[in-house]
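So our numbering is basically just the index in the sequence shown, starting at one, shifted up by 86.
Hints were generated in silico from the structure; no laboratory data involved.
In this text the structure is predicted, and so the values were computed from the model without any measurement.
No residue lacks a Cβ here, since even glycine has one placed at the ideal position from N, Cα and C.
There may be inaccurate statements among the hints.
[Said to hold, decoys possible] Derived DEER-like restraints, expressed as beta-carbon distance ranges:
1. 232 <-> 88: 28 to 34 Å
2. 313 <-> 229: 15 to 21 Å
3. 284 <-> 339: 34 to 40 Å
4. 414 <-> 293: 39 to 45 Å
5. 221 <-> 143: 29 to 35 Å
6. 370 <-> 187: 29 to 35 Å
7. 317 <-> 338: 35 to 41 Å
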Amino acid sequence: MSKSVTRIPLPSPALGTSRAVTVHRYGQPGARPKAYIQAGLHADELPGMLAAHHLLRRLDALDAAGAIQGEIVVVPAANPIGLSQSVLEYHVGRFALDGRGNFNRHYPDLAPIVAPRIAGQLTGDAERDVRLVRAALLAALAEQQPADETGALRKTLLGLSIDADFVLDLHCDNRAPVHVYLGTPLWPDAEDLAREFEAEVVLLAEESGDNPFDEANSSPWWVLPRLLGDGQTLPPACLAATIELRGQADVDDETAGADADALIRFLQRRGVVAGAPGPLPAARCEATPLAGNEMLRAPVAGIVTYSQPLGARLRRGDHVADIVDPTAADPAQARTPLHAGVDGVLWSQGLHRLVRPGDIVAKIAGAEPIEGRGAILLTT
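Let the sequences and hints guide you as you build the complete structure.
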């Protein structure tokens, strides 16, 4: 067996406290392909963590059978900071309560640091150039000096993943079917990943804003050639994806086990694990631009009632939901209707039904970019 389990300590945020990241490793270090899988970066998103638990059990059996062909790194609970945050019996795992922001934003942007260091060194030999860039990325990251525990967590996770061939970050939405975020240059090569999970929405962007974890891993491979100029090219050597495993309440062993099986089949298909994955499921959707994703927001406070189910294919103008004001003097005037602004698939609804003005009520995946969306395409 080749498995090892280590704990990487984070700097103490306060006297008398300490936290660590638990890392499971399979295969020989440096073996290719390398896959990195993490769950729970948003620590209140539990489906991925349960899927990782089931994945580890399967990998243990495959390891014992000598079926690990590459290197696999699994971090089943990537955010010990967020796991420790509770306010009035409510778990807060998306944002750092010390004001350090969203745990899945603001990862180190390494491409501008690496570009001048490798200028003139690319040869066009893809295998050699990939090794050169990976070494430069690791070196640039090692030089980073985080000022706090959250920054150290970001550096730790990126240090485990930045040289991987495949990076899979397991999340979930509020209420949603499986959906996948990918860098545009990774499509359609990554279609097997989306089909393996029977994803009902695939959202593509070269840059979604604020450098989330998956893009910190994948985007250097298409940003570096742009920075280097002179016709320099690099293969998209890191397939990094955020896989959203349905909604926050979709936590059960049967579903998590099926997700673990899908991960194993993907690893088999990509040569990380030995075995026959079987035929791919049929595609459930076409990929759409993240810039075409409408975030339908509440204009007033009230209680949300939905008139359309998840997965509904909408036309612009279709009635999606009402915001109900139970305090209205006239009940006949208590409803504020919300309508789709784009043609597309209704793929996300809010988990909490009491909303304030500006809260996101629903998300609709449209096929065309929405004018004026701006550079920040993700929620906060």
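Legend entry - Distance restraint hint 34 to 40 Å, applied to the beta-carbon atoms of residue 284 and residue 339: Given a distance of about 19 Å, which is not inside 34 to 40 Å, the answer is violated.
Inset, instruction - For residue 232 and residue 88, compare the CB-CB distance with the range 28 to 34 Å and indicate the outcome. - result: Cβ of residue 232 to Cβ of residue 88: about 31 Å, so the range 28 to 34 Å holds.
Inset, instruction - Mind checking the hinted window 29 to 35 Å against the Cβ distance between residue 370 and residue 187? - result: 33 Å, holds
Legend entry - Outcome of range test on Cβ distance (residue 414, residue 293; 39 to 45 Å): Given about 43 Å between the Cβ atoms, the range holds.
Legend entry - Status of the given 35 to 41 Å range, CB of residue 338 versus CB of residue 317: 52 Å, violated
Legend entry - Range agreement (Cβ of residue 229 with Cβ of residue 313, hint 15 to 21 Å): This hint holds: roughly 18 Å between Cβ atoms.
Inset, instruction - Starting from the hint 29 to 35 Å, judge whether the C-beta atoms of residue 221 and residue 143 obey it. - result: 34 Å, holds
In this structure, the earlier hints numbered 3, 7 are contradicted, and the remaining ones agree with it.
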